[in-house]
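Engineer: Sequence:
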Amino acid sequence: MPDGFSAGDTAFVLICAALVMVMTPGLAFFYGGMVRVKSTLNMLAMSFLALGIVSVLWVLYGYSLSFGPDAGAGLIGNLDFIGMKGIGLNDLAGTIPVTAFSAFQLMFAIITPALISGAIADRAKFTAWGLFIALWVTVVYFPVAHWVFFFDGGKGGWLGDRNGVIDFAGGTAVHINAGVAGLALCLVLGKRIGFRKDPMRPHSLPLVMLGSGLLWFGWFGFNAGSALAANGVAAMALINTQVATGAALVGWLIYEKLRHGAFTTLGAASGAVAGLVAITPACGSVSPIGAVAIGLIAGAACAAAISLKYRFGFDDSLDVVGVHAVGGAIGSLLVGLFATGTVGQTAKGLFYGGGFGQLGKQAMGVAVVAVYSFVLSWLLAKAIDKTIGFRVSEDVEVAGIDQAEHAESAYDFSALGGGLGRSSAPVAAATAAKSTENSTEKTEVDAR
Numbered sequence: 001m002p003d004g005f006s007a008g009d010t011a012f013v014l015i016c017a018a019l020v021m022v023m024t025p026g027l028a029f030f031y032g033g034m035v036r037v038k039s040t041l042n043m044l045a046m047s048f049l050a051l052g053i054v055s056v057l058w059v060l061y062g063y064s065l066s067f068g069p070d071a072g073a074g075l076i077g078n079l080d081f082i083g084m085k086g087i088g089l090n091d092l093a094g095t096i097p098v099t100a101f102s103a104f105q106l107m108f109a110i111i112t113p114a115l116i117s118g119a120i121a122d123r124a125k126f127t128a129w130g131l132f133i134a135l136w137v138t139v140v141y142f143p144v145a146h147w148v149f150f151f152d153g154g155k156g157g158w159l160g161d162r163n164g165v166i167d168f169a170g171g172t173a174v175h176i177n178a179g180v181a182g183l184a185l186c187l188v189l190g191k192r193i194g195f196r197k198d199p200m201r202p203h204s205l206p207l208v209m210l211g212s213g214l215l216w217f218g219w220f221g222f223n224a225g226s227a228l229a230a231n232g233v234a235a236m237a238l239i240n241t242q243v244a245t246g247a248a249l250v251g252w253l254i255y256e257k258l259r260h261g262a263f264t265t266l267g268a269a270s271g272a273v274a275g276l277v278a279i280t281p282a283c284g285s286v287s288p289i290g291a292v293a294i295g296l297i298a299g300a301a302c303a304a305a306i307s308l309k310y311r312f313g314f315d316d317s318l319d320v321v322g323v324h325a326v327g328g329a330i331g332s333l334l335v336g337l338f339a340t341g342t343v344g345q346t347a348k349g350l351f352y353g354g355g356f357g358q359l360g361k362q363a364m365g366v367a368v369v370a371v372y373s374f375v376l377s378w379l380l381a382k383a384i385d386k387t388i389g390f391r392v393s394e395d396v397e398v399a400g401i402d403q404a405e406h407a408e409s410a411y412d413f414s415a416l417g418g419g420l421g422r423s424s425a426p427v428a429a430a431t432a433a434k435s436t437e438n439s440t441e442k443t444e445v446d447a448r
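Just so you know, we're using our numbering here: the sequence shown kicks off at 1 and counts up by one.
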């Protein structure tokens with residue numbers, strides 16, 4: 001191997017890449033438990049589809065557009081690495097092979113569009129969703145990843161490398177990007193049938209808790225792995241991730257107890273995810289006490305933000321806007337207050353003597369990514385809707401998207417009709433499914 005290669009750093013990044021990959025199935029369970037029974041499989045499949053489509057596009061041109069040599073002004077990479085050509089086993093990115101770095105960044109590219117899917121649960125055509133993934137990562141994610149993550153001695157991405165916006169692991173490129181895109185899509189597709197009239201509570205809170213646990217576990221790879229080396233910065237990012245997530249969980253629960261009178265498991269899971277989102281851009285630049293503050297603020301703020309959809313009348317099914325857009329913005333902006341200048345960055349925030357300079361840069365990064373993502377996402381969704389149609393028919397939505405789009409059901413209730421005879425089994429299954437859904441809706445506290 002060439003000089004500068006580190007086997008330890010390489011092993012660390014490869015493990016972190018695997019952890020980040022696990023986050024997408026974790027997200028599938030998290031979202032899948034939050035929808036009604038009749039949409040469970042579709043929600044799972046929407047996340048898994050991102051694993052397939054983005055993996056292929058990344059090799060074809062995604063890596064080159066994101067991390068290829070800059071094509072000009074820090075806006076996009078060129079096509080030198082199209083098809084991953086010209087990348088040898090001995091080519092290094094820091095102390096690790098370029099292939100290891102590419103694999104790690106691929107997992108970020110996969111989970112970002114998967115996050116968007118929660119905003120349009122229950123009502124999107126699967127083919128339209130697949131087309132949207134392909135187009136969106138091409139014209140939105142790959143360019144924004146170049147802006148934020150590509151460093152080349154001041155000649156790289158225009159937000160991170162040229163203007164000093166700090167985003168250690170994806171608060172802007174991943175979470176604001178996905179959250180704002182989710183807002184655009186739910187505006188284009190419109191409200192679900194029965195929004196604000198029919199109960200639409202989670203059908204399986206155990207699945208939600210399992211999904212949030214897998215996300216929490218995988219997020220250590222997401223954040224610590226962004227140091228791209230097994231070093232002190234990675235260790236600090238890991239501890240910051242843990243304490244911020246714990247603080248956000250507590251902050252969310254306190255808010256909902258004061259507001260709704262109960263501590264819910266859904267609130268605990270959502271609070272944890274909000275903390276993970278908020279600490280993502282900041283984990284490599286703040287101290288653990290700063291991470292706790294970020295988590296507490298994000299937990300309470302995101303819990304309050306999810307009510308925005310009722311105030312403004314948009315149907316963000318699974319609160320992608322309230323958790324990811326708002327959480328990502330909070331974490332990115334708070335870097336401008338809590339950055340110590342002694343962790344992985346030299347820039348200092350306001351509370352550490354750095355003045356308002358870094359806060360201004362962070363605000364610019366948040367605003368630019370939000371506007372770009374919203375406009376392009378809305379245009380893409382509108383184009384798909386006008387051509388092949390983005391939303392399923394009313395009959396399909398009411399009956400259940402799982403059967404129409406996938407010819408499957410998440411749960412088999414046929415055993416419940418065993419003593420009723422063959423002809424009665426379908427009726428028993430339908431009755432059992434409806435009973436299960438109604439029971440869940442009546443007994444779970446709706447913190448949202």
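Because the hints were derived from the structure by calculation, they are not lab data.
All residues carry an ideal CB built from backbone N, CA and C; glycine is no exception.
It is possible that some hints are incorrect.
Claimed, not checked - Listed next, with one range per pair, are the computed distances between beta-carbon atoms:
#, residue 1, residue 2, range
1, 153, 2, 36 to 44 Å
2, 71, 355, 29 to 37 Å
3, 83, 190, 38 to 46 Å
Engineer: Hints the structure violates: just list their numbers, smallest first.
Structural biologist: 1
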